[in-house]
Structure formats: structure tokens, C-alpha cells
Amino acid sequence: MIETNISSNVSQYDKTLFVPGHTACAGCGQSLAAKLVLEAAGKNTIVVNNTGCLEVFSTGYPNTSWKVPFIHSLFENAGAVSTGVESALTHLGINDKINIIAQAGDGGFADIGLQAFSGLWERGQNILTICYDNEAYMNTGIQKSGLTPLGTITTTSPSGNLKFKKDLVEISLAHGCVYVATASVHLPVELQRKVKKALSMKGPKFLHILSPCPLGWKSDTSLSIEIARLAVETGVWPLFEYENGSLTNVRKLKKLVDVEEYLKLQGRFKHLLDTEDGKNIVEQWKKIVEQKVKKYNLLEN
Amino acid sequence: MKQFLEGAVAIARTVAMCKPAVIAAYPITPQTHIVEELANLIAAKKLNAEFVNVESEHSAASCVLGASAAGVRVYSSTSSQGLLLMAEVLFNIAGMRLPVVMCCVNRAVSAPINIWNDQQDIVTVRDAGIILLFAEDIQEACDLHIQAFKIAEDKDIMLPVIVNIDGFILSHGFEPVEFPAQDLVDKFVSNYEAPYKLDVDNPMTFGPLSGPEYYLETRYAMQKTMENEVMKKIQAVADDFTKNFGRKSFGFIEKYKTDDAETIFVSMGSICGTIKESVDDLRNQGEKVGLVRVITYRPFPSKILVNSLNNAKKICVIDKSISLGLNGILFTEISAAFYSNNNGKNFPKISGYVSGLGGRDVSKEEIIDIFKQNKDVETEFLGVNKENIGSYI
Chain F
1 MIETNISSNV
11 SQYDKTLFVP
21 GHTACAGCGQ
31 SLAAKLVLEA
41 AGKNTIVVNN
51 TGCLEVFSTG
61 YPNTSWKVPF
71 IHSLFENAGA
81 VSTGVESALT
91 HLGINDKINI
101 IAQAGDGGFA
111 DIGLQAFSGL
121 WERGQNILTI
131 CYDNEAYMNT
141 GIQKSGLTPL
151 GTITTTSPSG
161 NLKFKKDLVE
171 ISLAHGCVYV
181 ATASVHLPVE
191 LQRKVKKALS
201 MKGPKFLHIL
211 SPCPLGWKSD
221 TSLSIEIARL
231 AVETGVWPLF
241 EYENGSLTNV
251 RKLKKLVDVE
261 EYLKLQGRFK
271 HLLDTEDGKN
281 IVEQWKKIVE
291 QKVKKYNLLE
301 N
Chain C
1 MKQFLEGAVA
11 IARTVAMCKP
21 AVIAAYPITP
31 QTHIVEELAN
41 LIAAKKLNAE
51 FVNVESEHSA
61 ASCVLGASAA
71 GVRVYSSTSS
81 QGLLLMAEVL
91 FNIAGMRLPV
101 VMCCVNRAVS
111 APINIWNDQQ
121 DIVTVRDAGI
131 ILLFAEDIQE
141 ACDLHIQAFK
151 IAEDKDIMLP
161 VIVNIDGFIL
171 SHGFEPVEFP
181 AQDLVDKFVS
191 NYEAPYKLDV
201 DNPMTFGPLS
211 GPEYYLETRY
221 AMQKTMENEV
231 MKKIQAVADD
241 FTKNFGRKSF
251 GFIEKYKTDD
261 AETIFVSMGS
271 ICGTIKESVD
281 DLRNQGEKVG
291 LVRVITYRPF
301 PSKILVNSLN
311 NAKKICVIDK
321 SISLGLNGIL
331 FTEISAAFYS
341 NNNGKNFPKI
351 SGYVSGLGGR
361 DVSKEEIIDI
371 FKQNKDVETE
381 FLGVNKENIG
391 SYI
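Which chain is which? The protein sequence lines are F and C, in order.
For what it's worth, my numbering labels the leading residue of the first sequence as 1, then goes sequentially.
For what it's worth, my numbering labels the leading residue of the second sequence as 1, then goes sequentially.
Hint data in this document are derived by calculation from the structure and do not stem from the laboratory.
C-beta: ideal position from N, C-alpha, C; glycine also.
Treat the hints with care, since some could be wrong.
Dumping the calculated DSS-like pairs for lysine-lysine here, alpha-carbon to alpha-carbon at most 27 Å [as the list claims (entries may be wrong)]:
(1) F:K97 x C:K197
(2) F:K202 x C:K187
(3) C:K364 x C:K248
(4) C:K187 x F:K196
(5) C:K155 x C:K364
(6) C:K197 x F:K43
(7) F:K218 x F:K270
(8) C:K187 x C:K155
(9) F:K67 x C:K155
Restraint-style ranges between C-beta atoms, simulated for each label pair [claimed, not checked]:
(10) C:N228 x F:T156: 43 to 49 Å
(11) F:K287 x C:A111: 42 to 48 Å
(12) F:E39 x C:G173: 25 to 31 Å
(13) C:Y215 x F:D274: 55 to 61 Å
(14) F:K196 x C:D186: 39 to 45 Å
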């Protein structure tokens, strides 16, 4: 007899597919993004999740926020677990009827889990991969990840991170993902359109969502949406779509807001604004933004 | 009709008869021939399964984990470093109660890198909640694979099973192998119907966060399954196999000439073939010697072992692995079994020998020598060449 089968019953609390009552922090960008993603994907969806905040705050046994089939295995294997799920569905002949989403935070995606996601992309699995990027290992207490921006203070980069973010978009494109897009939680309609667009295409897809984290970003919990908006409007987080390797859509900006406007709302960047060394780093940020403006032709006219 | 086949090929063809839906594997010597043959069978449309080439053994185990959670029969195989890279996932598979069946082609663990046989790889994950079976020869490796699916997928068990075969000796050796009729296998290993799965019509959360209030009970449940259901069903499945396939399958242990034996060897795997020959030679010289071969290593059949060894005066355990800083692992566990199950009575002297590490050949003469020298030792290495030790000590 199996006395404790470690699977939770789905709450009937709410009509939404990602029900409230979970333990995410106030102002959590990731919980909002995950809810938007799932509601866009619909109930015929299986979610495979790497270890991280999202799995921890949404699946505390015996409760769960997921009203779709959900599996969390380990920190680094969603790429492979979802491949197994897809292979099983293919064998059963129902692969075309069910969406599979394999998702992770930035550390789980870009660092420890990248090998498995690389395998998934390379094999051309019909899976939407999503990185909820809050730019550090927040679940374990704000340690630097491969997606932590230059200069960021984390608990393992107390003097400021020395490296730029790894470019996950380019990495996914190099693997031949059929659809690659960035999204932001301050534009929920656009985010959900991208999820639906991705799921309408067969093959490996990648969606990179900036997910503000008041705890790690040292920002006011009421400002998460504002910070997400500023990330886009400063050119720090350009919004675009690639289909079959070609850039097909860019969210244009009328004008660029100063990078400082984005930085100053976040304690993790506070030191960049009031020291000489910090100002040099801000200059480097501005160069990166210039490159992005050019690369994606961000500005109208 | 018997076919003269390489062990890996024979195992692959047996697995194909059990009709797994998803197979994932990563290359590692000496395991690769098994999955190569499975890939060939799929390519030749003799097996309808999805073969997934993954990027590591970690992903191979994760892939079959995902497929098993989606409700289909799965298979993988690996060796040595590959098994250790899988270790984290193996604990996860067992904890999620997924009936994954695998073969571990036992090989030494690095460093120094060594592709040859011993059993160090599998004993390092013995605590994971996996049912572990050891084959002596290729026929038994095939027979145990058929039983493995039936045991793992039993609704009252739902735990992974790993069939262990000695690297090269059984994976690359050739033997005449008897294949059962497909309909017999179909009847014995019926279609897998998952009691729980990733199903959009009945959504469940697999692998949730489990705090101190619940985690302990998950382990308790696994232990109780091992102690009760698995202990019951392993013998039942073996007996059922014997009855249906007309070939003896032993279940927990095989007793070889132990009835009047005063000295009994204990070991597992292919080395038992050599020990049986040594026993025969010693019997011809009038010595009362026997062998108890451990087939089911987890759950460890402590009581069965103690009962089968209790009348001997001396037990010689031959290990192909060691817990460095302690003893050979089977030696430690046999000793523990006697302390726990002998009601405080005296029990036979137990000596421990570590042998065959990294593919070192173990000869009949060495085994006969163990008997003749009759030492009381805990960790005696067989065949150490002092000239080869070098400057490490």
C-alpha cells in the first residue's frame, strides 16, 4: 500500500487555473507572470517546473495552486523531464492536443538547467520553454546567477556583480527555436498573446519574461509593475519576437527613458548612483542599451 | 529455441518484448550495446517506442521520469559514472513512486578512470528506494528484466527496479539464451496502466514541496512497501515466472550445495559462477562447502539470508565493492543481518573479502585459497600486487 502518494489535490477555490492562496511575496512578478502564462495556455496544458521560488510557493503539500497537471522534479532537469512527457504523449498519439510548458527561474534556466534546455531545443521538442527572470537565485536568498546584471548587489556579489547577463535569447536562437520572444508583466495582454503565438507553433519555443522581485531587487512591493515598465521604456528589457530565426516584431519606444530612472527604484543598484565606480558601471549600462536600441531598432523613426 | 547472443543484445531483445513506450539513454561503456540494439529494433519497426537521445545520464533518468509520470512504461540503462550522475534523479524517481526499470551494467567508479567491472557504482545508490536485482548470467539478466517490469509496476509497489549485470562479463559475453514466446511475456507483463499520471482531465501536482509534517511519512511509506509488499511479491513473481516460463527463477537468493555446508560463500553477480566451480572442486575433495548467491539486494533479505547461513560454521563474503574506511558492503550487511536477526544467539564467523575491483580477474584458485586459509578477516583484498601500489601509501 502506498500510504502517502506525494501528489496534492487541486484546490477548487477559484475558477482560475493558477489559484491564489500560495505563499509568494507581495509584489512578486513571477507569480503574476506564471498566472498569465497558464491562463493563456489553457487547461490542456502540462507544466514541468525546475526547482525555484515558483514551485516552492505554489506547491506546499498538501496544497497546490496548479489546476493543470504539474510536475516538479529537480533544479536542473525540466528540459529532460518535459522531453519525457512529450515522448510519452507522442507515443500515446496525443502530443498535438496538449501543450507542454517547461519553465524555470533564471538560475534554473540559464545556469544549472541550461544543458537540459539545450538538449530539448536541439532535439526540436514541441515544448514552450519559459524563463522567469528575476536576475538572481531568490529562493535561496539572493545569490548571483548567470542572468544577474552588471553591478548588481547580491549576497554572493556584495561589491556588485562583475559580469553582464548571459544572452539567453541568442543562445535559444542559435539552437533553432521556432519562436523566441521577450515579455514583461506590465503588459499582460502582450505577454498572453506571445504565449498563445508560441503554443500555436510546432517545435521548441522560448519565452523570456522579466519578473520583478521586491525581495531581491530591494524595491517597494507596490512598484513591481512600474519597475517592469521602466525596464522596457529605458531599453534595458526590449520586447521583441523572432519567428523561425527572423526578428518579426519589436515593441517600439517613442523615446528612451534614462537608465537611472530604472536603477534608482531598486536597492540592488543603489550604489551605482552614488559612487564614482558606480557611475562608470552606469555608463557601461548605457552602452549596452545603445547596442540594444540599434540591434532591435527600438525607437520609432 | 536458444540463440547464441551477446548479453547486451539478449537483454535489449528481452526489454523489447516487454514493450516500453519511451527509452532514453546516454552512451557509456559497457552499457551502450543495450541501447544501441534497442535503437536498432525501433528503427527496424520491431519495437514501437520513442527513443530519446539525451545530453547526459542525468537527463536520461529525468526523461524516463517524465515519461513515467505521463503514464507509460519506460526503460533506460547506464553504468558507473553515468549512474552516479543519475543519482539525484534516482532518488527523485523513487520518491515520486514511479516504476522506472533500468539496467546497470556494473563498472568501477573513477578515479582512476576504469571501464571494467566491479559493483561499486550501484551500491552507492542502495539507499535511494530502488529495488536492486543482480544477475549471475545472461539468461538470468533477461529473466530478471521481465520480472522487473512486473514488480515495479505492481500497484502496491510503484518503485523503480534496477537489474544489475557485471560489465563486459555479462554485457559483452556470449551465451545461449532462451527467449520466451511473445504471448507469454504479454501475459506475464500486462499493459501498464498508471494509477496516477499527468492527465489534463484529472490534474495532479507531482513533486511538491513537502515540509517536516509530511516528508518523514513519504519515507516511512517507502520503507513499509519495501518490507511488506516487495518482500511478498518478489518471491511470488519469481515463482510465477518459474511456473510460466519453465525456467527456475530464485527470487531473493540461490542456495548452492548449502544443505550440509560448514563453510558458505556469499556473493552476488557473475562471480558466483566461479564460486560454484570452486565449491564443486572442494566438494570433490570432500569439503563441506556451499554458496548463497544474493539476487535481491534491495530490499535486503536479512531473515532469509540468516536462515540459510545459520547452520554453517563459517561464512566468507566476497564483495566487488567497498565502503572505503569500513568494509566490503555485502560483508557489513550480512554481519548486520546476523546481529539483528539471530536473537542474541551465537552465529557463524563471518570473514570479508574484497575482490575483482576495476575488472581484476578473480580465479577459482583464489576462492579455493580463501577456504583453505580459513582466516578471520573483515576486509581482505584478494590479489593485491604490492609492487603495483606505487607511492600512495
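Open item on the list: Looking only at beta-carbon atoms, does the pair K196 (chain F), D186 (chain C) fall within the given range of 39 to 45 Å?
Closed with: 43 Å Cβ-Cβ, so the 39 to 45 Å window holds.
Open item on the list: Assuming the hint says 55 to 61 Å, is it satisfied by the Cβ distance from Y215 (chain C) to D274 (chain F) or not?
Closed with: This hint is violated: roughly 46 Å between Cβ atoms.
Open item on the list: I want to verify a distance hint. Is the separation of the beta carbons of N228 (chain C) and T156 (chain F) within 43 to 49 Å?
Closed with: This hint holds: roughly 47 Å between Cβ atoms.
- [ ] For the pair we were handed, K67 (chain F) and K155 (chain C), check the Cα-Cα distance against 27 Å.
- [x] 25 Å, holds
Open item on the list: Would the hint linking K187 (chain C) and K155 (chain C) be met if the CA-CA limit is 27 Å?
Closed with: Distance of about 17 Å is within 27 Å: holds.
Open item on the list: Tell me if the beta carbons of K287 (chain F) and A111 (chain C) are separated by a distance inside 42 to 48 Å.
Closed with: 46 Å, holds
- [ ] Quickly compare the C-alpha distance for K97 (chain F) and K197 (chain C) to 27 Å and report which way the hint goes.
- [x] Satisfied, since the Cα-Cα distance of roughly 17 Å is no more than 27 Å.
Open item on the list: Can you confirm whether the C-alpha distance between K155 (chain C) and K364 (chain C) stays at or below 27 Å?
Closed with: 43 Å, violated
- [ ] Starting from K364 (chain C), check that the Cα of K248 (chain C) is at most 27 Å away, please.
- [x] The given pair, whose Cα atoms are some 25 Å apart, holds under the 27 Å limit.
- [ ] Would you mind confirming whether the straight-line C-alpha gap from K202 (chain F) to K187 (chain C) stays at or under 27 Å?
- [x] Cα-Cα ~38 Å, so violated.
Open item on the list: Between the alpha carbons of K187 (chain C) and K196 (chain F), is the straight-line distance 27 Å or under?
Closed with: 45 Å, violated
TODO: Compare the distance between the alpha carbons of K218 (chain F) and K270 (chain F) with 27 Å, and conclude whether the hinted pair is satisfied.
DONE: Roughly 9 Å separates the two Cα atoms, so the pair holds.
In this structure, the earlier hints numbered 2, 4, 5, 12, 13 are contradicted, and the remaining ones agree with it.
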